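Assemble the whole structure, with the sequences as input and the hints as a guide.
First residue of the sequence shown: 1, per the working numbering; consecutive thereafter.
Some hints here could point you the wrong way.
[Claimed, not checked] What follows is a set of in silico ranges between Cβ atoms, one per label pair, in the way DEER data are often shown:
(1) 72 with 36: 27 to 37 Å
(2) 51 with 72: 32 to 42 Å
(3) 41 with 12: 37 to 47 Å
(4) 40 with 130: 12 to 22 Å
(5) 70 with 169: 19 to 29 Å
(6) 41 with 130: 13 to 23 Å
(7) 108 with 70: 32 to 42 Å
(8) 25 with 105: 30 to 40 Å
(9) 37 with 11: 20 to 30 Å
(10) 22 with 130: 35 to 45 Å
(11) 22 with 42: 16 to 26 Å
(12) 124 with 19: 31 to 41 Å
(13) 11 with 158: 34 to 44 Å
(14) 38 with 111: 30 to 40 Å
Just so you know, the hints here were simulated from the structure itself, not pulled from any lab data. All of these numbers come straight from a predicted model, not from anything done at the bench. By construction, the Cβ of each residue, glycine as well, lies at the ideal position given by its N, Cα and C atoms.
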Amino acid sequence: MLSPVVAPQPSVAPHPDIAPLAALLGTWRGPGHGEYPTIESFDYVEEIKFGHLGRPFLTYRQRTRAADGSRPMHAETGYLRCPRPDHVELILAHPTGITEICEGSLTIADGALQMEFESTSIGRSSTAKVVTALGRSIVLTSDTIEYTLRMAAVGEPLTHHLAATLHRV
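Written out as structure tokens, the structure reads:
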């Protein structure tokens, strides 16, 4: 039996609509810390991959493991869009039964790219925990991404939950 031939994929230039986000392309990895009023604080290692398909969005894939590498902790996958030069949209699915749509501002100044997101829609399966709001702040400076995540869940108001510093791999 012959093996199928897989043609090499040509390098695809990013779509002009995502040009402001092009600096995010690649793999990012680093340590993070999580806390929330209803759980014990924890440390983790995170990896995020931003890619593109030549269309007006970036692909997004995130994975975390316990800081000691012993177990996987969380994952998200989705898309980052930039429909206007000053506006971004993050569309994500979580394996915990949550879907998240966040929108916000994009600012590029003094060598930093900053995105501020607030959830506009959160969906959940019948077995997912109740999450009512999410917010994210992401700042890219040179080869470092710093982010924070805020969450309102299980009866708690919008509260700091995660922070990490990731470096380009």
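Here is how each hint holds up against the structure:
1. 72 with 36: 27 to 37 Å: 19 Å, violated
2. 51 with 72: 32 to 42 Å: Violated - the Cβ-Cβ distance for residue 51 and residue 72, about 21 Å, lies outside 32 to 42 Å.
3. 41 with 12: 37 to 47 Å: 42 Å, holds
4. 40 with 130: 12 to 22 Å: Roughly 20 Å apart at Cβ, these two residues keep to the hinted range, so it holds.
5. 70 with 169: 19 to 29 Å: Given a distance of about 21 Å, which is inside 19 to 29 Å, the answer is holds.
6. 41 with 130: 13 to 23 Å: 22 Å, holds
7. 108 with 70: 32 to 42 Å: For residue 108 and residue 70 the Cβ distance comes to about 39 Å; the hint holds.
8. 25 with 105: 30 to 40 Å: 21 Å, violated
9. 37 with 11: 20 to 30 Å: 47 Å, violated
10. 22 with 130: 35 to 45 Å: 37 Å, holds
11. 22 with 42: 16 to 26 Å: 33 Å, violated
12. 124 with 19: 31 to 41 Å: 34 Å, holds
13. 11 with 158: 34 to 44 Å: 41 Å, holds
14. 38 with 111: 30 to 40 Å: Because 38 Å falls inside the window, the suggested range holds.
Against the hints set out earlier in the document, violations occur for numbers 1, 2, 8, 9 and 11.
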